[in-house]
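Undergrad: Guided by the hints, dock chain B onto chain A, whose structure is given.
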Amino acid sequence: MSEEMYDRVLANPKFAELTSSRNRFSWTLSIIVLLAYYAFVLTVAFKPELLQSPLAGGMTLSIGLAVGLVLTIFCFAMTGLYVRRANSRYDTLNRLLIEEAAQ
Amino acid sequence: MKALAAFAVALLAAGPALAAGGPIDGAVQRQPVNVMAILMFLLFVAGTLGITYWASKRTRSASDFYTAGGGITGFQNGLAIAGDYMSAAAFLGVSGMVYAKGYDGMFYTMGWLVGWPIILFLIAERLRNLGKYTFADVASYRLAQTPIRTLAATGSLAVVCFYLIAQMVGAGKLIQLLFGLEYGYAVVLVGVLMILYVTFGGMLATTWVQIIKAVLLLGGCTILVVLAMAEFGFNPEVLMQKAVAAHASGVAILKPSAAITDPISAISLSLALMCGPAGLPHILMRFFTVPDAKEARKSVFYATGFIGYFFLLTVTIGFLAIVIVGTNPEYLDKAGKILGGGNMAAIHLSKAVGGDVFLGFISAVAFATILAVVSGLTLAGASAVSHDLYARVFARGRASEVQEIRVSRIATASLGVIAITLGLAFENQNIAFMVGLAFGLAASVNFPVLFLSIFWQGLTTRGALIGGFAGLISAVAFVVLGPTVWVSVFKYPTALFPYEHPALFSMSIAFFTTWLFSITDRSPRAEAEARAYRYQYIRSETGLGAAGAVSH
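Heads up: the sequence lines are chains A and B, in that order.
The first sequence finishes on residue 270 if you use our numbering, and the numbering steps up by one all the way, no holes.
The second sequence finishes on residue 670 if you use our numbering, and the numbering steps up by one all the way, no holes.
Certain hints may be false.
[To be verified] Pairwise CB distance ranges, derived in the manner of DEER restraints: (1) A:Arg175 x B:Ile591: 43 to 49 Å; (2) B:Asp380 x A:Leu201: 19 to 25 Å; (3) B:Ile637 x A:Arg175: 27 to 33 Å; (4) A:Arg251 x B:Ala595: 30 to 36 Å; (5) A:Glu171 x B:Val520: 47 to 53 Å; (6) B:Tyr427 x A:Ala206: 18 to 24 Å; (7) B:Ser641 x A:Asp174: 23 to 29 Å; (8) B:Phe573 x A:Ala244: 21 to 27 Å; (9) A:Arg175 x B:Ile341: 55 to 61 Å; (10) A:Ile240 x B:Val333: 20 to 26 Å; (11) A:Arg175 x B:Phe573: 20 to 26 Å.
[What the hints assert, rightly or not] Pulled a few chain A residues facing chain B out of the computed Cβ check, cut under 10 Å: (12) Pro180; (13) Phe182; (14) Val211; (15) Leu218; (16) Asn261.
It should be emphasised that the hints constitute simulated quantities derived from the structure, not laboratory data.
Virtual Cβ for every residue (Gly too), placed ideally from N, Cα, C.
Here chain A stands alone, though its shape is the one from the complex:
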């Protein structure tokens, strides 16, 4: 891979478009997942009895168990969201960028 090719990529406005948009997306998703997870960790650390309270009056199924289920589905959904956008929109942009740099 020649240095000129890298320089052409760097000079192409599509590179800035790709990286800034994708990085904004991936860091935003990371922060959302971390916030959700640390909200859970801090609840465990500072208000553990909250997790014990029933989902509805008279039930034994607790908020904590529901939180576990929801966090699991949430993590899976977030990976799905990222993969869908990265494998379509960002990869198309990426391919165009490399094709233009190869010319």
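TA: Frame of chain A, contents of chain B only:
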């Protein structure tokens, strides 16, 4: 002797991550020989050896050996990653922890799961774009090869060795429990099979062993949960009412226990659980087995789904066992403790709901799980020796591919022999701290170096080297001075370092020293390294110039 054996079981209870206070109730007793389990296991061994034979015909180049030629699809790799991650420790340990303590088991599973989306968003595709065979390729991309590869290989080997010893001893104890085989036979059997898989079949065989095991484990757990839930009319509310009524702690099983509600412990543990996987060499290596960044992303998507599903099943299995196993005197001793130790909850449950045939199946799956995990670890360790230490450090890149492959096979066999020897030597030792140490090292050595080399232009060789070794030394020191070694092994009354989970401290030290010794580095080499970041950045973002898949 019984107490020591119980400690080994505690190691399994600790799960793949940390040696937390797992369910250590009841000593290990050797079980009667379980013919059905042995038959099913032999079937698995025969099948996987067949695959190894097939894979050996296709494993010629270094790329074949390390990364299965980069020809694994995203879906297959997702299953294989899940397979690497779903160890017997996670299966038996988490269900055992829920059986003993209730909600604590769920806290662990959340930490292990939440690392995956983060790995996907920030690490996976950049790793694939920059690396070829090992994560050291990425860390040393623009830094000095010799010191950084040495650091990365040291970190990898340390993680692999501690993890391997823990798994070998755990395997010996578990097989004693499940099959009624002698400890020594079990350790040698696991060691020999793992050497065969890796030496002859390389990454291709290791991946397929991992995929088969993942399918068996997910399938087995699903059947177990369906059979057991049928007794509750598939109503989780009924299950939980009965679990609360049956458990000695009553409604407290719905609440995190005091062991994890100390804020520093909770945060430190959560960091190790989350960042550990992103520093485990056998997991990182999986990202090089797929052809491109697109497949790397897909593999994490599938892996997250399988792992999340698996953890929900194991937690459910724990609660099911509270009712079905915990109230059946057949599975309890006179004191009301579970027979065979805390890790047996899932195993007893399988017998209670599916009879001897299903018990045999689940036992065989547990053994297959250990075998697959040690194979992945050995391959990662052998790659660190042959690709990083031998080819890049000792031979300075002048070794031929044939020589490199030969060294990797010798390294595999040597690691296998070391694992067997140490597995036998540590039979009666308390090695519960080793799993925690492996994860602590992964989070405090490999992860900071990898993360900063990808994201921080200012990282220099000097900073990475000093920071990496600072992480290594502090992680080891905190574990040795902490409760798991200082009190449990050396029998001193109080620990010099109060926390069982040191990740918060050792990771902070690693990141801080790396930063400090990088920004104060004014050498010409440091300047060149900062300039080279530009090209590394383009490649990590676009995949331009990345190692592609080799077609067969």
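Undergrad: Which of the stated hints cannot be reconciled with the structure, identified by number in ascending sequence?
TA: 4, 5, 12
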